[in-house]
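Participant: Going down the list, the protein sequences come from chains A and B. Under our numbering, the first residue of the first sequence carries the number 1, and numbering increases by one thereafter. Under our numbering, the first residue of the second sequence carries the number 1, and numbering increases by one thereafter.
Please note: incorrect hints may appear among the correct ones.
With beta-carbon atoms standing in for the labels, derived distance ranges [stated by the list, open to error]:
#1 B/L79 / A/V341: 23 to 31 Å
#2 B/L197 / A/H386: 57 to 65 Å
#3 A/W357 / B/G77: 41 to 49 Å
#4 B/P255 / A/P419: 43 to 51 Å
#5 B/T192 / A/R327: 33 to 41 Å
For the record, the hints were derived by calculation from the structure and aren't laboratory data. Just so we're clear, the structure is a prediction, and the values are computed from it rather than from any experiment. For glycine and all other residues, C-beta sits at the position ideal for the given N, C-alpha and C.
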Amino acid sequence: MVGISAFGVYVPAYRLSREVIAQATGARASGGGRAVAQYDEDALTMGVDACWECADNYARSFGIPFAATNLAALFFASASSPYREKHASSVLAAVLDMNRSALVTDINGSLRGGMTALGMAVGALKEGSPADAALVVASDRRMAAPASGEEQAFGDGAAAVLVGRENVLAGVEAHVVVNANFPHFWRREQDPYVQTTDARFVEDYGYIPLMNEALKGLLKKAGIAAGDVAKLIVYAPNARLAVRLARKAGFNPETQLADGLLKSIGDTGNAQVFLSLAAVLAKAKPGERLIVAGYGDGAEAFLLRVTENIGKAEGCRGVPEFLKRQRPLTSYAKYLNFRDVIGESSYDAFTSMALLWREEKQNMKLTGVKCTACGTLAFPRRRVCHHCGAKDQMEDFKLSRRGRVYTYTNDYLYLNPDPPESLAAVDLEGGGRIFCQVTDVNPQDMRIGLDVELSFRKLHDGQELPNYFWKARPAIGR
Amino acid sequence: MSGVMKEPVAIIGVGCTKFGEHFTKSWGDLVVDATFEACADAGVELHKEVEAAWLGSYRPWIAGERNIGSPLAEALGFLYKPVTLISNICATGIDALRNACLAVSSGMYDVALAVGVEKMRDAGSRSLMLANRTDGHPLIGKGRTAPSFFASCAHRYFHEYGIGRETLAKVAVKNHHHGTLSPKANMQREITLKDVLKSPWVAEPLSVLDSTASCDGAAAAIVTRADMAKNFNPDFVKVAGIGFAVGTERNIFEPGFDFLNFKVTQTAARMAYEQAGVKDPRREIDMAECHDCFTITEILNYEDLGFAPKGQGWKLIEEGVTSLGGELPVNTDGGLKAFGHPLGASGIRMVYEVTQQLQEKAGKRQVKNARRGLAHCLGGPAAMAGVMVLERND
Numbered sequence: 001m002v003g004i005s006a007f008g009v010y011v012p013a014y015r016l017s018r019e020v021i022a023q024a025t026g027a028r029a030s031g032g033g034r035a036v037a038q039y040d041e042d043a044l045t046m047g048v049d050a051c052w053e054c055a056d057n058y059a060r061s062f063g064i065p066f067a068a069t070n071l072a073a074l075f076f077a078s079a080s081s082p083y084r085e086k087h088a089s090s091v092l093a094a095v096l097d098m099n100r101s102a103l104v105t106d107i108n109g110s111l112r113g114g115m116t117a118l119g120m121a122v123g124a125l126k127e128g129s130p131a132d133a134a135l136v137v138a139s140d141r142r143m144a145a146p147a148s149g150e151e152q153a154f155g156d157g158a159a160a161v162l163v164g165r166e167n168v169l170a171g172v173e174a175h176v177v178v179n180a181n182f183p184h185f186w187r188r189e190q191d192p193y194v195q196t197t198d199a200r201f202v203e204d205y206g207y208i209p210l211m212n213e214a215l216k217g218l219l220k221k222a223g224i225a226a227g228d229v230a231k232l233i234v235y236a237p238n239a240r241l242a243v244r245l246a247r248k249a250g251f252n253p254e255t256q257l258a259d260g261l262l263k264s265i266g267d268t269g270n271a272q273v274f275l276s277l278a279a280v281l282a283k284a285k286p287g288e289r290l291i292v293a294g295y296g297d298g299a300e301a302f303l304l305r306v307t308e309n310i311g312k313a314e315g316c317r318g319v320p321e322f323l324k325r326q327r328p329l330t331s332y333a334k335y336l337n338f339r340d341v342i343g344e345s346s347y348d349a350f351t352s353m354a355l356l357w358r359e360e361k362q363n364m365k366l367t368g369v370k371c372t373a374c375g376t377l378a379f380p381r382r383r384v385c386h387h388c389g390a391k392d393q394m395e396d397f398k399l400s401r402r403g404r405v406y407t408y409t410n411d412y413l414y415l416n417p418d419p420p421e422s423l424a425a426v427d428l429e430g431g432g433r434i435f436c437q438v439t440d441v442n443p444q445d446m447r448i449g450l451d452v453e454l455s456f457r458k459l460h461d462g463q464e465l466p467n468y469f470w471k472a473r474p475a476i477g478r
Numbered sequence: 001m002s003g004v005m006k007e008p009v010a011i012i013g014v015g016c017t018k019f020g021e022h023f024t025k026s027w028g029d030l031v032v033d034a035t036f037e038a039c040a041d042a043g044v045e046l047h048k049e050v051e052a053a054w055l056g057s058y059r060p061w062i063a064g065e066r067n068i069g070s071p072l073a074e075a076l077g078f079l080y081k082p083v084t085l086i087s088n089i090c091a092t093g094i095d096a097l098r099n100a101c102l103a104v105s106s107g108m109y110d111v112a113l114a115v116g117v118e119k120m121r122d123a124g125s126r127s128l129m130l131a132n133r134t135d136g137h138p139l140i141g142k143g144r145t146a147p148s149f150f151a152s153c154a155h156r157y158f159h160e161y162g163i164g165r166e167t168l169a170k171v172a173v174k175n176h177h178h179g180t181l182s183p184k185a186n187m188q189r190e191i192t193l194k195d196v197l198k199s200p201w202v203a204e205p206l207s208v209l210d211s212t213a214s215c216d217g218a219a220a221a222i223v224t225r226a227d228m229a230k231n232f233n234p235d236f237v238k239v240a241g242i243g244f245a246v247g248t249e250r251n252i253f254e255p256g257f258d259f260l261n262f263k264v265t266q267t268a269a270r271m272a273y274e275q276a277g278v279k280d281p282r283r284e285i286d287m288a289e290c291h292d293c294f295t296i297t298e299i300l301n302y303e304d305l306g307f308a309p310k311g312q313g314w315k316l317i318e319e320g321v322t323s324l325g326g327e328l329p330v331n332t333d334g335g336l337k338a339f340g341h342p343l344g345a346s347g348i349r350m351v352y353e354v355t356q357q358l359q360e361k362a363g364k365r366q367v368k369n370a371r372r373g374l375a376h377c378l379g380g381p382a383a384m385a386g387v388m389v390l391e392r393n394d
C-alpha cells in the first residue's frame with residue numbers, strides 16, 4: 001500500500017502577536033500570534049528544515065536511516081518560492097543529495113500545490129517505479145500588504161511528507177480532484193503582496209462549494225459516510241470558515257474537525273494542511289480514517305487510513321515541539337524589516353557563480369574530507385592534509401547536523417537585522433567543527449556546551465542570488 | 001638552513017606620525033611624514049642613499065590608493081627603485097620590515113626602507129572591521145569579525161581558567177595609562193576599571209574599551225648591515241632575531257584549535273629567540289610591545305611569547321608585572337589599545353617604541369636599563385604572527 005511513511009514540520013521561531021500588529025496598524029486584533037520567518041529564512045530554507053525533520057522522524061520511527069538516493073521524486077509546493085525563475089526543488093535535491101535521475105520539480109502558484117504534489121507522488125509510486133519513496137515538501141512565506149487582514153491571518157511554515165510503499169503510517173485509500181478557475185488569492189507578476197477580493201463572495205461561491213464538492217466526492221468514491229472519519233483536516237484561510245465547511249459537508253466540527261493551527265501559527269498556505277495532518281498523526285490510532293483536503297484553483301482531497309505502524313511514530317518531533325520553541329517578536333518594525341518592507345534585511349557581498357557551483361558538495365551537502373593516510377578531518381575541504389602532508393588522498397566525510405558549542409560570542413559590530421549576531425565554534429557529532437552564525441537564539445542563552453543543530457539559511461544576496469549556507473540554532477525540543 | 005640572517009642587520013632610524021583621525025592628511029602625507037622623520041633620525045638622504053623599499057599597507061584601496069608599490073613611489077618621489085607591497089593583515093608592518101632586513105642582509109642593498117601605513121578613517125569608522133561582510137569567501141566563516149574571534153577566545157579562557165572581565169579590563173587601564181605618557185598616541189587619557197566594564201559591547205565579553213579603535217597613522221624604519229650602521233648613526237639598534245609564521249584563517253574550523261593559545265605566535269617567537277639566544281624570555285626580555293588588539297589578546301600573547309605558563313597569562317596583569325615599573329613592562333607606549341592600530345603601521349610603530357626605549361629616548365615612559373626589547377604582531381584570527389627581538393649595540 002502506498003501512503004505516508006513520515007512527516008516533518010517546520011515552524012519558524014518568532015511569533016508576532018496580532019495585538020502587536022493591531023497596535024502598529026490601528027487594525028483590530030484577531031487574537032493569537034502568527035509565525036514569522038527569521039530574516040534569513042524563506043520558503044526554500046524552511047522547506048529544507050522540514051525535509052530533515054521528515055528524514056529524522058523516519059529514522060526514529062523505523063530505525064532505518066533515511067536515504068535520499070531511494071527517492072523517486074521530490075516536489076516542492078509553494079506560492080512564495082524565493083525564485084520566480086528557477087526551481088527551488090533543485091536546491092533541495094542538492095542539499096539532500098538525491099539521485100540525478102529522480103523527478104524533481106516545483107509546483108508553484110496555488111495553495112493547492114501540496115495536495116497536487118501528494119497526488120503525483122502517490123501516482124509515481126503506484127506506477128511501479130523502482131525507487132521506494134517520494135518526498136513532498138510544502139512551504140510558504142507569503143507576503144501580505146501591511147495593515148491588511150491577511151497580514152494578521154497569514155503565518156510562515158513548512159512541512160514535508162515522505163510517501164512510500166513500505167513502512168507506511170497512513171495509507172492512501174482515495175483521492176478526488178475538483179478543478180475550477182476561481183481566484184480566491186492571487187498575485188500577478190508585478191504584485192509584491194497577495195491579492196484577494198470580497199470575503200463573502202469568495203467564501204460563499206468559492207471555498208465552501210468547491211471544498212464541499214471534493215469532500216462529498218471523496219466520501220462517495222470511498223463508499224463511506226462522514227461519520228466513519230475520525231478527523232477532517234482542511235485548509236482554511238480562517239477558522240470560522242473551516243467550521244462552516246465541516247457542518248455543510250456533514251461532519252461534526254466539535255469532534256471531527258482538526259485544529260488548523262491558525263491561531264497559533266497562521267495560514268501557512270501550502271504547508272497548512274500538512275502541519276495539521278502531522279499534529280493529527282501524532283495522536284492517531286490504527287484503523288482511523290482521516291480526510292485531508294486542500295484548496296486553491298479548485299479543491300483536492302485524500303482519504304487516509306492509519307496503520308499499525310503509527311505507534312512507531314510516537315517519539316517523532318512535530319508540531320508541539322515547534323509550538324514550544326516560540327520566541328515573541330515584539331517589534332512590528334522588525335517584522336517589516338525581516339521582509340524587506342522597510343530597509344533591507346539582506347546585503348550584497350562578493351560571490352561567484354563558478355565558486356558556488358564548484359563547491360556544491362562542501363557548501364550544500366556539508367561534506368568535508370578525511371585524509372586516508374592519517375585520518376585527519378578537514379572542513380572546509382582541502383587537497384593537502386595539514387597533519388601529514390599527503391596530497392590528494394582525501395575521501396569524502398559527511399558532517400553531522402548536530403553539535404555542541406565549544407565557544408561563542410554575541411557580536412554587536414556586524415550589521416544584522418536581528419542584533420546581536422551570535423557566532424559559535426561548534427563541535428559536530430562524529431567529528432569536525434564549524435564556525436558559523438547562530439540564529440533563532442536569545443543571546444542570553446548562548447553558552448559553552450549548548451546543544452545546537454545546523455539549519456540551512458540565506459546568508460546574503462550577493463550577485464543578486466540567494467547565497468545559502470548553514471547556521472547553528474539551539475536544538476529543538478531539548 | 002641556518003635559520004639566521006646571513007649578515008647581522010641594524011635599525012639606524014625610525015619615524016612615526018601621531019596616530020589618530022587624520023582627516024586633514026592623505027595616505028601619502030602619512031607616508032611622507034613617517035619616512036622623512038626616519039631618514040632624519042638615521043642621517044640618510046632618502047633619494048640618494050635608500051636603495052629599496054618595502055611598503056606595508058593592508059588595504060591601500062580603502063583610502064583611494066592602489067594595492068601596488070607605486071603609491072609609495074608617488075608620495076616620496078622614490079622613483080625607479082624596487083618597491084614591494086606587503087599585505088599580511090595586522091602583521092603587515094612587521095613583515096615589511098622583516099623583508100627589508102633580509103634584503104640588506106643579503107648584500108644586495110646597503111640601505112633599505114620599510115614603511116607601514118594605513119588610512120582607515122577615510123572609509124568610515126568601521127570600514128575595515130566590516131570588510132569581511134562583503135569580501136572574501138561568500139559563505140565560509142561569513143559573519144566573523146575581528147572582535148568576534150577574540151571574544152570567542154575570551155569566553156573559552158573564562159571557562160577554562162575562571163577569570164572574568166575585570167582582569168581583562170586591567171589590560172585596558174594599564175595601556176591607557178601608558179598612552180598618557182606617549183605624545184603620539186591616539187588616546188592619551190586615563191580610564192578606570194568601571195569605565196571599561198560600563199562601556200557598550202562590541203562582541204561579548206569584549207566592550208568598546210576592551211578594543212582598539214580604527215585610526216590613521218604611519219611608521220617607518222631604515223635598516224642597514226650592522227657593520228655599516230655606525231657610519232650612519234652610532235646609536236643604532238641591532239636586529240637580534242626575526243620570526244614570522246603564517247597559518248590558516250580556517251583554524252577556527254579545526255577541531256584541535258583551543259582558542260586559548262596561538263601556534264603562529266609560539267613559532268615566530270621560537271624562531272626569534274633562537275636567533276637572539278634568548279632562553280628565558282620572562283627574564284631576558286626587558287620590555288615588549290605585543291599585539292593587544294583586544295584586552296584578551298594581550299593576555300594570550302603573554303603565554304605564547306613565553307612570559308607566563310599556559311593558563312597563567314592573566315596573573316601578569318593582576319600582579320602588575322607588565323605595567324611600567326613592573327619586571328617586564330608591556331606596551332609601554334599604550335599599545336594598539338591606546339596608541340592606535342592603523343593595521344599596516346602597527347608592526348613598525350612597535351619597533352619605533354622599542355628602538356626609543358633601547359636608545360633611552362622614551363621620556364616619561366622610559367624603562368630603566370632596557371637592553372633587549374621585543375615586538376610582536378598577530379594577524380587575523382591568529383592566522384599569522386611576527387616577532388622581532390632588538391638589542392642595544394653596546
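Participant: If a hint holds in the structure, say so; if it does not, say that too.
Facilitator: Evaluated hints:
Checking the proposed 23 to 31 Å range against B/L79 and A/V341 shows it is violated: the Cβ atoms sit about 56 Å from each other. The hint said 57 to 65 Å for the Cβ distance between B/L197 and A/H386, and at roughly 40 Å that hint is violated. Between A/W357 and B/G77, the C-beta spacing of about 48 Å keeps the proposed range 41 to 49 Å intact. Under the hint 43 to 51 Å, the C-beta atoms of B/P255 and A/P419, about 29 Å apart, miss the expected range.
Range check, B/T192 to A/R327: Cβ separation about 37 Å, and the 33 to 41 Å hint holds.
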